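There are 2 protein chains.
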Amino acid sequence: MNKLATLLLKAFLCLTPIAFVTNPAFSQDTDLGLSKGSVEHATALRDAAMKGSMAYNIVESLTTEVGPRLAGTDAEARGRDWAVAKLQDLGFKNVRVEPFTMQAWARGSESAELLSPYPQPLSLTTLGGSVATPEGGLEADIVVFPTLTDLEAAEPGSLAGKIAFVSHAMQKTQNGSSYGFHGRLRRSGASIAASKGAIAILIRSIGTDSHRMPHTGSMRYDPAINKIPAAALSNPDADQIERIHARGETMRVNLNVQPRPLGEVESGNVIVDIRGTESPDEVVIIGGHLDSWDLGTGAIDDGAGVAIATAAAKLILDSGKRPKRSIRLILWGAEEAGLLGGYAYLERHKKDLDKQIIGSESDFGAGRVWQLTSQVSPEAQPLVNKIAELLVPIGIAPGSNDAPGAGPDLTPLVKAGMPSLRLHQNGNDYFDLHHTADDTLDKINPHDLDQNVAAFAVFAWLAADTELRFKTP
Amino acid sequence: MNKLATLLLKAFLCLTPIAFVTNPAFSQDTDLGLSKGSVEHATALRDAAMKGSMAYNIVESLTTEVGPRLAGTDAEARGRDWAVAKLQDLGFKNVRVEPFTMQAWARGSESAELLSPYPQPLSLTTLGGSVATPEGGLEADIVVFPTLTDLEAAEPGSLAGKIAFVSHAMQKTQNGSSYGFHGRLRRSGASIAASKGAIAILIRSIGTDSHRMPHTGSMRYDPAINKIPAAALSNPDADQIERIHARGETMRVNLNVQPRPLGEVESGNVIVDIRGTESPDEVVIIGGHLDSWDLGTGAIDDGAGVAIATAAAKLILDSGKRPKRSIRLILWGAEEAGLLGGYAYLERHKKDLDKQIIGSESDFGAGRVWQLTSQVSPEAQPLVNKIAELLVPIGIAPGSNDAPGAGPDLTPLVKAGMPSLRLHQNGNDYFDLHHTADDTLDKINPHDLDQNVAAFAVFAWLAADTELRFKTP
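So the sequences go chain by chain: A and B.
Heads up, the first sequence is in UniProt numbering, so the first residue is 1 and it goes up one at a time.
Heads up, the second sequence is in UniProt numbering, so the first residue is 1 and it goes up one at a time.
Misleading hints may appear alongside valid ones.
Remember, identical chains collapse to one label, so a pair may be satisfied in a single copy or spanning two.
[Claimed, not checked] Below 20 Å or equal to it, Euclidean Cα-Cα: the simulated SDA-like pairs (lysine to any residue) are: (1) 443 x 243; (2) 321 x 405; (3) 443 x 121; (4) 443 x 239.
Just so you know, these hints were derived from the structure itself, not from any lab.
Just so it is clear, the structure is predicted and the values come from calculations on it, not from any experiment.
Kindly produce the complete structure, drawing on both the sequences and the hints.
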C-alpha cells in the first residue's frame, strides 16, 4: 500500500465510526484530554450557532457605523473604538488595545483616459502603496503584455517612457488558489516594469468579476528600483484595452493618480480573552481583521471575519462553561498594509510564544466553510479528528494535517512555530468583491455566517479545553 | 362568451394551424399582399440570422472604437461618423445624416460624503440635466422618504435647507414595467423636493442591481420651481442610508456635483434605406439609438439595438431580394436627452407622415425577444399573425394588437398616428446595467442578439413586402 493510500485508510478509520449520543459516556472526553461533557458542549455550541448567531448583527454594525477602515487612518481608529465598545457591550471583560505604529498611505483622486485612438475614460483604482503621478497626470503610450512572464521577458530599457499594461486574467477557484499566482503581478509588477524603463504600470484587476469595479490591494517596491505609479483597470476596461490592442492600434493614455503617504501613524490590535480555568496563560487564538480597504465598507474583507470570530467567542462566553485554556479573540489592525498587526503581536509576545497554543483566523469572505486543514502534533491529531467529526454534519470536509496556515494575521506566529488550524471558506465568488467598492453588507448571507460561527465555536472550545499539546515537542 | 374569451379563441384559431412546408403554394403570400415566395424568404432570413448574424461584431465595433456617446457631445458625433462609415462599409448606399440642434449637458466631478454620524464616502452619480451644487459642494441634513408619495405628502417649506432622500426600490420584471412607475422619481423628484424647500435631492438608483453602480438618466425641472441638484445613490449606498435612518440618527451630507450645460450643439439621425421595388417612398422603420449615457460604453443601451437593426437590414440587403416598400434603418441621435432624434425626425417628415408605414425600434438591451405586440389595422392583422407565427419557433409569444408603441424614438411618430409593432426583449436583468458604468460589451450574449436580428429581419421584410395597409383608414 502506498503512502497516500495508508493515509486515506487511517483517515477513514479515524472518521468513520461517528455516532452522536445524547448521554455520552465521557470516555471520548477523557481520551482527548477534555473536561467531562466537553464534546457534548461543543456539539451544543455548534447547534446553537446553526440556529442563528449574532454574527450578521455584528458585521451590520461595523459596516454601517464605521464603514471603510483603511489601515492607519482615523477610520481604522474609529473601527478600534467600535470594537472596544462592542466587545464591552457584549459582556467581555478586560478588552484592550495593543497599539503599534506604521507607515500609512491614502488614496487620492484617480482617473485615466484613453486619448487615442478611441478617446474614452477608463475605470481604474490606485494600488495600495503606489506613488503618485505628476500633478495633472502623465501621458504615454501603453505597451501590452498578456502575462507577467511576458513583462519579465522584456529587454531592459525597452519600456522607456511607456506605461506597461499586463492583462493576466485570474480564474475562480473554490480554494482561492489562483490569487497567489496572479497576486504577484499586483505586488511586484511595478518594480518589474520600472526595471524595463516603464514610467507607470496598469494591470488588469486581480479579481474575477465583470463589473466596472477595479480591485485595489497592496503592492511593494523593490528598494533598488525607481518607484513608478501603479493602478488596476476593471476587467471590462482591461477587455477594452485587449480589443483595441488586437486591432494593432497604439494606445495613448493619460494617467492621473494622487495618493499620498501619511507618515508614521498608530494602529492596533483589539484583544480580549475568555479566561481558562486551568492554564489561563495558554491561549487559543481566533479572530478577523478590523481594517479594510477604503473603496467598500469592508463587509466580506473582513467585517465577516470579525463578526464570525466575535460571535463564536460570545457563544462560548454565554454558555456558562469555561475551558481549561484561555480563548483569545484578536481583532487585528492593518492587515491590508502587510499583516502589520500580526507582526506587531509576534514582536510583543515573543517571550510567551510557547503559550500561543494554536490559532485560526477568519479572513476569506462570508462564504460557508467547506474544508478543515491543520498542522498539529501526532498527540493532538485525535482532537483535530474530533473537531472534524463534529463539523462534517454542517458541510465541512476533513482535510490534511500537513497544511500550515491559520489565516493571514497568524502567519507571523505560524512561521515562528505556532500550530495552526484553518477553516477554509468557499472562495469561488470571493474575488468578485475582494478589495472593491462592491465589498458591502448586502453581499452577506446571515446563514452562511452562522455556519462559520459554529465551526469556530467548536474549534475554539475543544482546542482550549484539551490538555493535549498541539505542538510537536 | 365574454370579450377576453372571444379574443383568446380568435387568437387560437389564427395561430394554431402552423405548418412549415418547404415548397409553399404561395397562396399565403398572395392572401397577405406579398410577393410570391415572400414568406419563404422571411423564413430563410430568420434561419440565417439564427445561425449567426453580424450583430455582435457591430456592437463590438461601436463600443470599442467609440465608447460612451453622450448626446450632443463630440463623442456622439464620433458615433455618427462611425455609423456612416460602418453602413457604407457594409454596402449600404446613400447613407445620410439628418442633423438637428439640441441643448446639451455634461457631467462634471461628483462626490458625496456622509459627514455624521458615521463619516464615509457615498457612491453616487448626477442625474442628466441636473444643475450643479455650489463649488465645494453643499452641506445639509438629509430627510428620508421611503417613497415619492411620502415626499409629495410633505408640507411645503418643511424641507427648507435640507436634502431630500427618496428610497423607492425598483423590482425586476420581465417586461420592465416597474421602470415607468419608479422612473417618475428620477424624472420629477427634484422639482417636487424643491417645492417643499429642499436644496438638493438624492434618490435610490432606478435600478435593480446590488453593485456600487449608481444609475444616471434624464430628469426635468418644472419651470415654475427653482432648480436644485439631483443625484442617485447606488443601491448598497441607499441601503446604508436606510440602516442609519433606522437607528434614528440624523445624517449630515456634503454633496458636490459639477455638471454643466453645453449650450446649443448639433446632433443627428443616421439614415439609410433599402429601396423598395414598387412603393419606394413608403417606409418601414427599424433602428436603435446611437447616443448613450457617458458612464458605460452604451453596449446594451443601445449599441445592441443599433447592432440588431443594422444586422437585420444587412441580411436583407445581402439576400438578393428587394421588398415592395422601402426598409428604413434609422440610428437615432440624442434619445437619452429626451427622444430628441425622434422629435426631429417627426418635424422633418411631417409632410410625408402617411408614408411612415410602420416601425419598430430595438432599445431594451441585449436580451432575447419574448413577445410581439402591435397596433395595426384589421386589414394588416393577418400579416402580423404571420410574422408572429414565424417567430414562435424562436421563442417569441404572440401578444395583443392593442399595444401602441414601437420603442422610444418612434414614440413621436406613433403619437402622430403611425402603426407600430414591438419586439419585447426580456428585461429581467436590463435594469441591473441600464444607465450605469457597467453597461459594457461583456454583458452581451451574441446568440441572444442573433435571435433579435431574426425577429427584426422577419418583421422588416414582411411589413415592407406586403401591400396591406397597417393604418386603419
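Here is how each hint holds up against the structure:
Within a single copy, residue 443 and residue 243 get their C-alpha atoms only as close as 31 Å, which misses the 20 Å cut-off; across copies the closest is 15 Å, which meets it. Proximity of residue 321 and residue 405 under a CA criterion of 20 Å is satisfied in neither setting, with 29 Å inside one chain copy and 70 Å between copies. Taking identical chains as interchangeable, the C-alpha atoms of residue 443 and residue 121 lie at most 20 Å apart only when they sit on different chains, with a minimum of 19 Å there against 28 Å within one chain. Taking identical chains as interchangeable, the C-alpha atoms of residue 443 and residue 239 lie at most 20 Å apart only when they sit on different chains, with a minimum of 12 Å there against 25 Å within one chain.
The structure is inconsistent with hint 2 alone, although it conforms to all the rest.
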